[in-house]
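Residue numbers (numbering that gives the first Met the number 0), protein chains in the order written: chain A, 0 to 119; chain B, 0 to 163.
Honestly, the hints are just simulated from the structure, not real lab data. Remember, predicted model here, so these are calculated numbers, not experimental data. For every residue, glycine included, the Cβ atom is placed at its ideal position computed from N, Cα and C. Treat the hints loosely; a few may be bogus.
[To be verified] With a straight-line cut-off of 20 Å between C-alpha atoms, the simulated EDC-like cross-links for lysine to aspartate or glutamate are:
id, chain 1, residue 1, chain 2, residue 2
1, A, 96, B, 48
2, B, 47, A, 95
3, A, 109, B, 28
4, A, 50, A, 36
5, A, 96, B, 24
6, B, 4, A, 95
7, A, 109, B, 32
8, B, 7, A, 81
9, B, 7, A, 98
10, A, 88, B, 70
11, A, 88, B, 48
12, A, 109, B, 24
13, A, 88, B, 42
14, A, 108, B, 42
15, A, 88, B, 22
16, A, 108, B, 24
17, A, 96, B, 36
18, A, 96, B, 42
19, B, 7, A, 95
[To be verified] Per the computed footprint, the stretches of chain A lying under chain B, defined by three or more beta-carbons under 8 Å from a beta-carbon of chain B, are:
id, stretch
20, 11-22
21, 88-98
22, 101-110
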Amino acid sequence: MAIQARRDVFQAIADPTRRQIIGLVARQSLNLNAIADNFDVSRPAISQHIKILAECGLIIIRQQGRERYCEVQLEPLAEVADWIEPFRKAWAHRFDKLDNLLVNMEANKKTKKDGNKKTT
Amino acid sequence: MATKKQLKVTAEPGRQELFIVREFDAPRELVFEAFTDPAYLIDWLGPKDMTMAIDHYNATSGGSYRYTHTDTKGNAYSFSGVIHEIAAPERAIQTFEFEGLPEKGHVSLDTALFDVLPGNRTRLTIQSVFRSVADRDGMVMSGMEGGLSEGFERLDGLLQKLTK
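With the hints as constraints, model all of the structure from the sequences given.
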């Protein structure tokens with residue numbers, strides 16, 4: 000399916016097992032077996048997660064002799080930390096304007112009410 | 000008045016929804032009115048450095064709306080949807096679509112809840128549910144405003160990746 004083609008940092012961290020794998024290799028580089036030992040899921044499943052992590056740029060796989068070691072690459076995660084910020088700022092700006100509007104609305108309602116009192 | 004008015008935007012990785020939560024120093028009826036009356040909407044819903052024009056906004060259950068933001072270069076961004084429910088002063092539910100996407104049909108369902116807080120204050124909670132995680136991420140990344148074109152380029156890239 001087309002959605003399978005998605006490979007970015009968001010896809011990488013969308014899965015809890017992949018988040019755990021990142022946590023593991025962030026401490027030290029590990030080979031596939033050492034990573035798989037930490038999980039109850041099958042080795043091919045772990046292998047698939049690692050493949051996705053590598054494709055998303057969060058892990059580099061290095062061949063050392065017969066073993067393939069996974070090394071973490073945390074830079075892409077910075078993308079996640081601030082990805083919401085522009086969106087948040089846009090809404091913050093709107094709501095600041097809404098605050099002002101509400102003050103005016105309240106003031107207008109009060110003058111209306113006072114006006115009514117005067118006429119009655 | 001010193002009160003917390005901090006804005007909280009939550010978009011958990013891998014989910015199809017996002018939440019926007021904000022408190023206001025005004026009673027619920029007033030916040031609801033400002034949120035649903037086009038005469039007031041036009042005063043605050045427009046992004047920074049853009050002008051907003053409302054084509055129509057029938058804030059009634061079964062109604063519809065369409066509005067356009069225009070930046071200083073003349074680029075226009077239109078948004079439209081239908082109003083599912085207006086339950087004053089506590090709930091407003093509507094669909095939302097940015098008409099400028101390369102493909103039609105990427106709609107979100109937006110529910111706005113207005114809760115009464117002590118001291119004549121109000122908490123607004125907006126939940127937007129999208130058709131896919133990619134749709135949601137695309138919306139957040141587009142920024143909607145502030146670097147719009149850059150945002151849409153990224154969104155285009157994302158959509159291209161998805162359709163590959």
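For each hint, the structure was consulted:
no., hint, result
1, 96/A / 48/B, "13 Å, holds"
2, 47/B / 95/A, "11 Å, holds"
3, 109/A / 28/B, "14 Å, holds"
4, 50/A / 36/A, "17 Å, holds"
5, 96/A / 24/B, "13 Å, holds"
6, 4/B / 95/A, "9 Å, holds"
7, 109/A / 32/B, "16 Å, holds"
8, 7/B / 81/A, "14 Å, holds"
9, 7/B / 98/A, "16 Å, holds"
10, 88/A / 70/B, "17 Å, holds"
11, 88/A / 48/B, "13 Å, holds"
12, 109/A / 24/B, "16 Å, holds"
13, 88/A / 42/B, "17 Å, holds"
14, 108/A / 42/B, "17 Å, holds"
15, 88/A / 22/B, "16 Å, holds"
16, 108/A / 24/B, "15 Å, holds"
17, 96/A / 36/B, "15 Å, holds"
18, 96/A / 42/B, "7 Å, holds"
19, 7/B / 95/A, "14 Å, holds"
20, 11-22, "holds (count 3)"
21, 88-98, "holds (count 10)"
22, 101-110, "holds (count 5)"
Hint violations for this structure: none, all hints satisfied.
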